[in-house]
Amino acid sequence: MTTATPTTPVVETIGLHKRYGPFTAVDHLDLVVPAGVVFGVIGPNGAGKTTTFSMLASLLKPTSGTALVAGVDVTRDPITVRRHVGYMPDVVGVYDDLRVDEYLDFFADSYGIARRARPALIDGLLELVDLGPKREAMVDSLSRGMKQRLSLARALVHDPDLLLLDEPASGLDPRARVELWDLVATLRDLGRTVIVSSHILPELESACGMLAVMSGGRVLAQGTPEELRRTAAGRRRVTVRFVDGTTAEHHVADDLDQARLLRTLQDDGPGVLEFRQVDGDIEALFLALTEAEGAST
Amino acid sequence: MSVVNPVLRREMRERMRGPRTPVVVSVHLVLLVGLFWLVYRGEATSATVDDPTELARLGRAVYDWILAVLLLLVVFLVPGLAAGAIAGERERQTLIPLQITLLSARRIVTGKVAASLAMLGLLVVVSLPVLVLTWVVGGVSLGQVLAGLVVVIGSGVVLTFLAVACSAATRRVQTATVAAYAVTLVLVGGTLGLYRAIDPGVVGDDDSPPAVLLALNPLALAAAATAPPVDSAASRADSPLSPIRAAVAPLRDDDGTSRDLLVLGAALAVALIALSGAYATWRLRLPTEVER
Chain A
1 MTTATPTTPV
11 VETIGLHKRY
21 GPFTAVDHLD
31 LVVPAGVVFG
41 VIGPNGAGKT
51 TTFSMLASLL
61 KPTSGTALVA
71 GVDVTRDPIT
81 VRRHVGYMPD
91 VVGVYDDLRV
101 DEYLDFFADS
111 YGIARRARPA
121 LIDGLLELVD
131 LGPKREAMVD
141 SLSRGMKQRL
151 SLARALVHDP
161 DLLLLDEPAS
171 GLDPRARVEL
181 WDLVATLRDL
191 GRTVIVSSHI
201 LPELESACGM
211 LAVMSGGRVL
221 AQGTPEELRR
231 TAAGRRRVTV
241 RFVDGTTAEH
251 HVADDLDQAR
261 LLRTLQDDGP
271 GVLEFRQVDG
281 DIEALFLALT
291 EAEGAST
Chain B
1 MSVVNPVLRR
11 EMRERMRGPR
21 TPVVVSVHLV
31 LLVGLFWLVY
41 RGEATSATVD
51 DPTELARLGR
61 AVYDWILAVL
71 LLLVVFLVPG
81 LAAGAIAGER
91 ERQTLIPLQI
101 TLLSARRIVT
111 GKVAASLAML
121 GLLVVVSLPV
131 LVLTWVVGGV
141 SLGQVLAGLV
151 VVIGSGVVLT
161 FLAVACSAAT
171 RRVQTATVAA
181 YAVTLVLVGG
191 TLGLYRAIDP
201 GVVGDDDSPP
211 AVLLALNPLA
221 LAAAATAPPV
231 DSAASRADSP
241 LSPIRAAVAP
251 LRDDDGTSRD
261 LLVLGAALAV
271 ALIALSGAYA
281 TWRLRLPTEV
291 ER
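Here the protein sequences come in this chain order: A and B. Mapping of the first sequence onto my numbering: position 29 corresponds to residue 29, and the numbering continues sequentially without gaps. Mapping of the second sequence onto my numbering: position 240 corresponds to residue 240, and the numbering continues sequentially without gaps.
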């Protein structure tokens with residue numbers, strides 16, 4: 001299913017807001033995700049990632065604001081939105097008493113795919129997620145990583161424009177994580193638009209063409225990894241260890257600021273033993289932004 | 001989308017896999033035949049086969065026992081079978097992937113109800129030859145056999161809808177099961193107990209307590225729907241339904257039938273099915289909104 005052109009954003013949210021009683025889960029979110037990119041969302045627990053995903057998947061009504069998926073309003077036409085979206089929740093449940101092919105056949109049936117088209121579709125999906133040899137195995141017998149890949153195949157069964165993967169690598173062993181991110185890269189190469197959340201920034205950084213840092217229900221920064229790195233360069237962090245064993249941490253704007261800090265510490269402090277620039281990367285930016293957000297809330 | 005509900009098809013595939021279903025059906029059939037034989041042997045005397053009156057009493061006793069066991073099967077089996085329908089999906093974390101498909105909330109609920117009823121249907125179907133055998137013995141008409149079956153199936157449908165509603169309301173299968181059995185207990189034991197406890201004078205009816213209480217009770221409806229004619233040989237049979245028939249006797253119409261009670265029971269059953277079905281559908285309509 002491909003209705004969005006490269007110039008059309010697959011996802012666009014305007015002032016998207018979700019409140020549960022007094023708690024604001026998503027706070028006037030403005031997000032644009034172009035077609036054909038892998039868009040990573042990173043944020044601490046409670047940042048609003050899952051709530052955002054649920055609203056984009058039409059599983060949750062926004063309190064206010066608009067969310068468009070492939071140009072379709074998620075509140076006004078949820079059924080059409082579901083034709084465009086493949087969603088893999090953060091906790092993946094599967095039907096253990098079915099065979100792998102029966103599992104996919106059930107979901108294909110639930111998306112209204114004709115019976116005669118299903119065998120070829122299932123073969124293709126299993127090949128894509130590298131579960132071809134497990135076609136007739138019971139779902140119960142699969143490893144966690146395999147179940148995760150099966151779940152991804154399930155999300156792809158109706159050929160959606162947009163894939164929402166909520167913490168897809170959570171709980172997987174290192175090998176399974178690598179396999180999963182390889183799969184995401186394959187989907188990117190196939191021209192899919194993928195929005196993926198993770199707690200592990202280096203993984204997102206390498207897999208995603210665009211990134212957003214979320215905290216407190218808001219996007220604090222977004223752009224390509226390169227753009228974020230440039231932003232991060234302006235938020236340099238320095239750790240200092242003094243001869244008396246104490247440590248300190250400072251934020252500096254640039255090289256000049258850093259040199260000035262060093263001179264001040266040497267003149268006034270107990271003696272600098274170690275002076276180290278530890279940031280300038282996206283991880284540092286993430287930490288700085290989320291710490292600042294945490295302090296302000 | 002298939003004509004057959006995909007949820008029903010999947011559930012049947014899961015439930016029919018392995019030896020459990022054939023074993024349950026076989027055990028049920030053996031127990032039913034054993035019960036038939038025990039009651040027959042217990043009630044029959046050497047004179048019975050020669051005396052049509054005694055034969056009618058014997059046939060009625062066997063029929064009532066079989067019907068009572070089928071009703072108890074519904075009462076004990078249905079809440080257990082249906083309570084996990086939706087709560088089980090929640091517990092297994094499979095509900096959201098199901099709800100993101102193009103299946104409507106109503107289709108998911110009907111698939112779940114149908115799947116829960118399928119096992120009961122299977123057990124009723126295998127019970128048919130035994131029920132028909134009681135008609136062959138005598139003391140019960142074919143119409144009464146059918147009426148008993150309708151009450152058994154109708155009770156199963158109502159209790160299934162109620163159990164699925166309990167399942168839609170809760171996060172845990174255990175909670176849903178307790179709630180479903182509690183509702184069933186109220187309908188089966190509570191209504192009968194209340195009916196007996198109410199003083200007719202208090203409710204302003206000189207003849208009997210409100211019929212609506214028994215119109216919700218599967219045992220009372222079965223007893224009323226299959227009651228033998230007053231003063232017939234079959235009416236003298238001693239069975240588990242006899243005391244319940246005595247309780248519903250004041251509710252009989254002038255023509256000796258319990259038509260009003262049965263019509264009221266059918267109307268209440270339809271209302272309960274509609275309400276519980278609508279509630280379960282509403283619970284599934286806004287998935288994560290309600291999940292939180």
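Worth double-checking, as some hints may not be accurate.
Said to hold, decoys possible - Here are the simulated distance ranges between beta carbons:
no.: 1; chain 1: B; residue 1: 171; chain 2: A; residue 2: 276; range: 44 to 52 Å
no.: 2; chain 1: B; residue 1: 171; chain 2: A; residue 2: 61; range: 19 to 27 Å
no.: 3; chain 1: B; residue 1: 150; chain 2: A; residue 2: 28; range: 55 to 63 Å
no.: 4; chain 1: A; residue 1: 132; chain 2: B; residue 2: 21; range: 29 to 37 Å
no.: 5; chain 1: B; residue 1: 150; chain 2: A; residue 2: 138; range: 33 to 41 Å
no.: 6; chain 1: B; residue 1: 126; chain 2: A; residue 2: 114; range: 30 to 38 Å
Unchecked claim - Okay, the calculated bits of chain A under chain B, using three or more residues with CB under 8 Å as the criterion:
no.: 7; region: 71–83
no.: 8; region: 98–107
no.: 9; region: 128–135
FYI, nobody ran anything at the bench for these hints, they're computed from the structure. C-beta atoms are modelled at their ideal positions from N, C-alpha and C, and glycine is treated no differently.
Structure-based check of each hint:
At about 49 Å, the CB distance of residue 171 (chain B) to residue 276 (chain A) agrees with the hint of 44 to 52 Å. In this structure the supplied range 19 to 27 Å holds for residue 171 (chain B) paired with residue 61 (chain A), their Cβ-Cβ distance being about 20 Å. Between residue 150 (chain B) and residue 28 (chain A) the C-beta distance comes to about 58 Å, which sits within the given range of 55 to 63 Å. In this structure, residue 132 (chain A) and residue 21 (chain B) meet the distance hint of 29 to 37 Å, their C-beta atoms being roughly 31 Å apart.
A hinted range of 33 to 41 Å holds for the C-beta pair residue 150 (chain B) and residue 138 (chain A), which are about 40 Å apart. Distance hint for residue 126 (chain B) and residue 114 (chain A): a CB-CB separation of about 35 Å, consistent with the stated range 30 to 38 Å. Against chain B, the region 71–83 of chain A contributes 3 residues with a C-beta closer than 8 Å to a partner C-beta. That satisfies the three-residue criterion, and the hint holds. Counting residues of the region 98–107 of chain A whose CB falls under 8 Å from any CB of chain B gives 4; the rule of at least 3 is met.
Counting residues of the region 128–135 of chain A whose CB lies closer than 8 Å to any CB of chain B gives 0, so the stated coverage by that chain is violated, three being the minimum.
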